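Peer 1: Chain residues, written in single-letter form:
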Amino acid sequence: MVHEWSLAEAVARYISENYRDKKIVEIHLGLGELQNIDEEIFSFALKEILRSEGYDNFDLVIRRIPISLRCRSCGFSWSISKEDLSEELAEIIHFLPEAIHSYMRCPKCGSRDFAIISGRGVYIEKIVLGESK
Amino acid sequence: MKDLIDPRDHIIKIRISQIKNLIPVISYKGGVGKSVISSLLGLALNELEYKVGLLDLDFTNPSLHIILGTDLDKTRPVEEKGVLPPEIIERLKLMSIAFYTRDNPTPLRGSELTEVFKEIFTITIWRDLDYLIIDMPPTLTDVTLNMLNYFRKNIRPLIISSASLLSIKPTINIHKILREINVEPLGLIINMWRDDEELMRILKRSFEEEGLEILGFLSYDPYLEKALGSIDRLRETRVYKEIRSEIVNKVVNRVGR
Chain A
8 MVHEWSLAEA VARYISENYR DKKIVEIHLG LGELQNIDEE IFSFALKEIL
58 RSEGYDNFDL VIRRIPISLR CRSCGFSWSI SKEDLSEELA EIIHFLPEAI
108 HSYMRCPKCG SRDFAIISGR GVYIEKIVLG ESK
Chain B
17 MKDLIDPRDH IIKIRISQIK NLIPVISYKG GVGKSVISSL LGLALNELEY
67 KVGLLDLDFT NPSLHIILGT DLDKTRPVEE KGVLPPEIIE RLKLMSIAFY
117 TRDNPTPLRG SELTEVFKEI FTITIWRDLD YLIIDMPPTL TDVTLNMLNY
167 FRKNIRPLII SSASLLSIKP TINIHKILRE INVEPLGLII NMWRDDEELM
217 RILKRSFEEE GLEILGFLSY DPYLEKALGS IDRLRETRVY KEIRSEIVNK
267 VVNRVGR
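Sequence lines, in order, name chains A and B.
Going by the numbering used here, the final residue of the first sequence carries number 140, and the count climbs one at a time with no gaps.
Going by the numbering used here, the final residue of the second sequence carries number 273, and the count climbs one at a time with no gaps.
One thing to keep in mind: the hints can contain errors.
[Claimed, not checked] Straight line, CA to CA, 25 Å or less: simulated DSS-like cross-link-like pairs of lysine-lysine:
| id | chain 1 | residue 1 | chain 2 | residue 2 |
| --- | --- | --- | --- | --- |
| 1 | B | K67 | B | K266 |
| 2 | A | K89 | B | K134 |
| 3 | B | K185 | B | K45 |
| 4 | B | K169 | B | K134 |
| 5 | B | K266 | B | K169 |
| 6 | B | K134 | A | K133 |
| 7 | B | K169 | B | K29 |
| 8 | A | K89 | B | K97 |
| 9 | A | K54 | B | K97 |
| 10 | A | K29 | B | K29 |
| 11 | B | K29 | A | K133 |
| 12 | B | K242 | B | K90 |
| 13 | A | K29 | A | K133 |
| 14 | A | K54 | A | K133 |
| 15 | B | K67 | B | K97 |
| 16 | B | K134 | A | K54 |
| 17 | A | K54 | B | K29 |
| 18 | B | K134 | B | K97 |
| 19 | B | K192 | B | K45 |
| 20 | B | K192 | B | K266 |
| 21 | B | K45 | B | K220 |
| 22 | B | K192 | B | K220 |
| 23 | B | K266 | B | K36 |
| 24 | B | K242 | B | K257 |
Treat the hints as calculated values from the structure; they're not laboratory data.
In this text the structure is predicted, and so the values were computed from the model without any measurement.
From just these sequences and the hints, can you work out the full model?
Peer 2: Structural data, given as structure tokens:
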């Protein structure tokens, strides 16, 4: 089982710590495109882990967050899609998004000092609760 | 922008729950030998048959893989419900950003260092370890402050200093900061020592007054350079033999206290 599991575990841990004995109806997550998380595997892992903790019958709403980069040196903003990345680079960034600084530079000025404005990581955006369990 | 919740904050401490002892190797400046001492201490504990992990948190300048001669093309973490660090020799695991950044330049700002810190601890599955030796970047900046914030109850830092009068004040300051947040260091290693009785007397008195115990003086070893990249050769160095004879048992005896 792939490393999506460890990220799903982190989400599950947050939920079990903060919503013990609550009925969860919807979980809204943001998944950054940069990390190229396999949504099917991630959802499967999250549902499996949460089921084992007693959470069932919730809707998982996943929003993909597009990649936006901005150079801190010249201010240029640009975007990339996963098709722009080689297979090897996509895999490296899949594990560790900041490794992008090792392989990519600002297309305008050549600086490696750019910010990932959006598109990194896994975030919990909203949890919707129902009647108590 | 509304507040988003970062789930990694909720798993990081779980990930270290099977590690008996976490030892961050810290210093006030670069070039004092943290990475070499981290590697050699890891090897020495490994020789005592402990299960050891080595973690390189010097993200912009990782070097444990170079010291230990780990071939990044042949050795990779394995994916399994996270990332399993490779065993470079029996009972010795290594995790480093270098598996991903290779040896490319990787400039990172403070916020990015924090992202890597959280990501590495979230995805790395160490399983049970007797010791995790953590090679820290120099000074008290983002990565070291994160270490203190997340793991202050779990760590016993080892402080490294070079053999110089200039090292006294900053080393005492690091010790002060640890004591202020109730983190008890294992002690201090003075590295790259060349015999100088006068200096030894001053260093001993200065650190003794602060309640910082000197675990040992490690000799300047001109042959160390030739041993870099080979675990077998590292084990033959004078500095490794000093760690084996004078340091490692003190570390083992003090972690439980």
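Peer 1: Work down the list of hints and note, for each, if the structure agrees.
Peer 2: Now for the hints, and whether the structure bears them out:
1. K67(B) / K266(B): This hinted pair holds, its Cα atoms lying about 17 Å apart.
2. K89(A) / K134(B): 23 Å, holds
3. K185(B) / K45(B): 12 Å, holds
4. K169(B) / K134(B): Distance ~17 Å between K169(B) and K134(B) Cα, so the pair holds.
5. K266(B) / K169(B): Satisfied, since the Cα-Cα distance of roughly 21 Å is no more than 25 Å.
6. K134(B) / K133(A): 21 Å, holds
7. K169(B) / K29(B): Roughly 11 Å separates the two Cα atoms, so the pair holds.
8. K89(A) / K97(B): Holds, at about 23 Å.
9. K54(A) / K97(B): 14 Å, holds
10. K29(A) / K29(B): 24 Å, holds
11. K29(B) / K133(A): 23 Å, holds
12. K242(B) / K90(B): 23 Å, holds
13. K29(A) / K133(A): 15 Å, holds
14. K54(A) / K133(A): 16 Å, holds
15. K67(B) / K97(B): 21 Å, holds
16. K134(B) / K54(A): 23 Å, holds
17. K54(A) / K29(B): 22 Å, holds
18. K134(B) / K97(B): Measuring from Cα to Cα gives roughly 17 Å; hence the hint holds.
19. K192(B) / K45(B): The given pair, whose Cα atoms are some 16 Å apart, holds under the 25 Å limit.
20. K192(B) / K266(B): With Cα atoms ~22 Å apart, K192(B) and K266(B) stay inside 25 Å; holds.
21. K45(B) / K220(B): 20 Å, holds
22. K192(B) / K220(B): 17 Å, holds
23. K266(B) / K36(B): Cα-Cα ~16 Å, so holds.
24. K242(B) / K257(B): The given pair, whose Cα atoms are some 16 Å apart, holds under the 25 Å limit.
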